[in-house]
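We have chain A already, so just place chain B on it with the hints.
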Amino acid sequence: METEKSSKKHPGKIIFLVLISIVTVFIIYYSIMSMIGPVRKMEDIEKEFGVKSKDKNGVEQQILKDSSYLRLLKEKAYLQSRIVMAESDSIYLTLNLADSTANIEICGVVVHKSKMKSVKTSKILSTGNENSILSMLATPFTISSAIATIKKEPVMIKMAPKDTSEYKPDIMPDTSITEPVNYILEMKGGIRIYVYQEENSKFNDRMNHFIFDIKDRIRDTWSALKNVAVFKVPEYHPFIKIRLPRTDAKIIYRAIPKNGQIAVFSQ
Amino acid sequence: MENEKIINEGDQAEIGKNSAITDPVMDEHINEADRTLSKKSNVRKTLLIIFRSLLIIICSILIIISLILFILYAVPVLKEISPRRKTEIVNNQELKKDALYKKQIGLVTKDIQRFSLKFNGYTSGQSYIVINTIENKFALYTNKKLIREGFCSSGSYTLLQTSGNKKWIFKTPKGKYWIRGKTTNPVWKRPDWSFVEEGSPIPSANDQSRYEYGVLGDYALALGDGYMIHGTIYKRFLGMPVTHGCVRLNDEDLKVIYNTLNIGSKVYIF
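In the order they appear, the protein sequences are chains A and B.
Heads up, the final residue of the first sequence is numbered 279 in my numbering, and it's a clean run with no missing numbers.
Heads up, the final residue of the second sequence is numbered 271 in my numbering, and it's a clean run with no missing numbers.
Just chain A, same shape as in the assembly (with noise of 0.2 angstroms):
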């Protein structure tokens, strides 16, 4: 009888140390190869934007790690990014994240300004001094992509009357309405730049946040999911994530176009 019933167990616990097994096996693989993602990204990104160091004699090499130098090339790399998208006759976004600001303007006025009330960005872009991050920064970053809480234009649908008699005026609009504001613009070159609302006190803008990040979450993880399983290192995106007050953010976002631009100064 005994011999039966541990033969009868055996299988189960069996099936459950090898699932064990998988799901650690699988989960340190994942960790891993999302790792190698950023190190592949800063990889490219050097292949792109790099200075070849090799061809720089001592001093030179010695230049371009100088503090100084570096804090120019910065001012410099967000002037020329401005002028560039003056020029464009377009509506664009400038995010300054050394004096927290983010502004938009239209051929090189400023039309709006607003201050970021915090900013948090990837170890890739804080350790922004290097030369080739300094270089991708000096050329303005195009949105591909966007996904927010908000419409990008608020269009009503109204059906016209076939007659006077059906004809009724317009009812005021209700601008009492605070939907919660919170979006991510996705640039071109993988650069993902979050605007979250300032205010979270009601539940409501809690709640939205966190399902809004959550989704994020879900959507990024599903996505490297997806390429780790046929052996592909998961792309990295590197991240600006700021907060603005809710009028701010909602300004800029109905504000910028589609494929707008955005500047960026590093910290």
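Do not take every clue at face value.
As the list claims (entries may be wrong) - Within a straight-line C-alpha distance of at most 16 angstroms, the following computed EDC-like cross-link-like pairs (lysine to aspartate or glutamate) qualify:
#: 1; chain 1: B; residue 1: K104; chain 2: A; residue 2: E72
#: 2; chain 1: B; residue 1: K167; chain 2: B; residue 2: E199
#: 3; chain 1: B; residue 1: K177; chain 2: A; residue 2: E99
#: 4; chain 1: B; residue 1: K172; chain 2: A; residue 2: E165
#: 5; chain 1: B; residue 1: K177; chain 2: A; residue 2: D101
#: 6; chain 1: B; residue 1: K103; chain 2: A; residue 2: E72
#: 7; chain 1: A; residue 1: K125; chain 2: B; residue 2: E150
#: 8; chain 1: A; residue 1: K170; chain 2: B; residue 2: E199
#: 9; chain 1: B; residue 1: K98; chain 2: A; residue 2: D111
#: 10; chain 1: B; residue 1: K111; chain 2: A; residue 2: E87
#: 11; chain 1: A; residue 1: K77; chain 2: B; residue 2: D99
#: 12; chain 1: A; residue 1: K174; chain 2: B; residue 2: E136
#: 13; chain 1: A; residue 1: K174; chain 2: B; residue 2: D193
The hints are simulated quantities; they were obtained by calculation from the structure and are not laboratory data.
Just chain B, lined up with the frame of chain A:
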């Protein structure tokens, strides 16, 4: 000894037989007790199985949840701490004395000055107006200084659609514009959509019913493509998105803007 044991066993069997024969009630009691005992042990066994299964389920759920949390929250953190090469930043005083360094710094500083000059040149020293269609506000500038701000009304983002699938969208265009014309006592020539919106038949192009007097206020500044900055009789709607694309202002603001802006003055709408 062997014989004794056999005898004893035989005795016990005898006693058992005798008792079975002599006390059937007792036997029934014993059977009942047996049944209750086995029932109890069965219940205990079932409970144990249920408890164990529950424990396994709870543990599995907890493992799955922690795995999901690890993937969603810990892996992104791991990505940020993954090792990578970092350029070592120096502040070498010796280097600062080097001629090549001075030359490089000079070149970059010159570039920055040149770019700054160019960039500052984009903001006109002349008068210009900025219209914020999201908040429905305007700001008037002269010599790069704010001289007046207030509320306005801009496009309602209404899409008017007919049964014949004709469409008009009432939104204020965004970007850089300039004043193309200035009019006093403007007359509104009603476009087709104005009739469609009311359900009235569309009159001919120059029909008398198309002209309305006094609805655009005292002044109008044309931006092109039929869009204007003008006054309104619906002052209670100022600060709200209610127009068909034009920018409406109150009488006082409109007068100041009309007197400040000239033909060619820039209008920035966002």
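Hints and how they fare:
1. In summary, the hint linking K104/B to E72/A is supported, as the alpha carbons are separated by about 11 angstroms, within the 16 angstroms threshold.
2. Between K167/B and E199/B the alpha-carbon distance is near 15 angstroms, which keeps this suggested pair within the 16 angstroms criterion.
3. Distance hint between K177/B and E99/A is fulfilled; the C-alpha atoms sit about 12 angstroms from each other, no more than 16 angstroms.
4. Of the pairs offered as hints, the one joining K172/B and E165/A holds, with about 9 angstroms between alpha carbons and a cut-off of 16 angstroms not exceeded.
5. Distance check on the hinted pair: K177/B and D101/A sit about 7 angstroms apart at the alpha-carbon level, within 16 angstroms; holds.
6. About 11 angstroms separates the Cα atoms of K103/B and E72/A, which keeps this hinted pair within 16 angstroms; it holds.
7. Between the alpha carbons of K125/A and E150/B the distance comes to roughly 15 angstroms, so the proposed pair stays at or under 16 angstroms and holds.
8. With a C-alpha separation of about 12 angstroms, the suggested pair K170/A and E199/B falls inside the 16 angstroms cut-off, and the hint holds.
9. Straight-line distance between C-alpha atoms of K98/B and D111/A comes to about 31 angstroms, which puts the hinted pair past the 16 angstroms bound.
10. At most 16 angstroms may separate the alpha-carbon atoms for a hinted pair to count; K111/B and E87/A meet this at roughly 12 angstroms.
11. About 14 angstroms separates the Cα atoms of K77/A and D99/B, which keeps this hinted pair within 16 angstroms; it holds.
12. Restraint check: the Cα-Cα separation between K174/A and E136/B comes to about 34 angstroms, which exceeds 16 angstroms; the hinted pair is violated.
13. Restraint check for K174/A and D193/B: the C-alpha separation of about 14 angstroms stays at or below 16 angstroms, so the hint holds.
Figure legend: structure checked against the earlier numbered hints; hints not met, in rising order: 9, 12.
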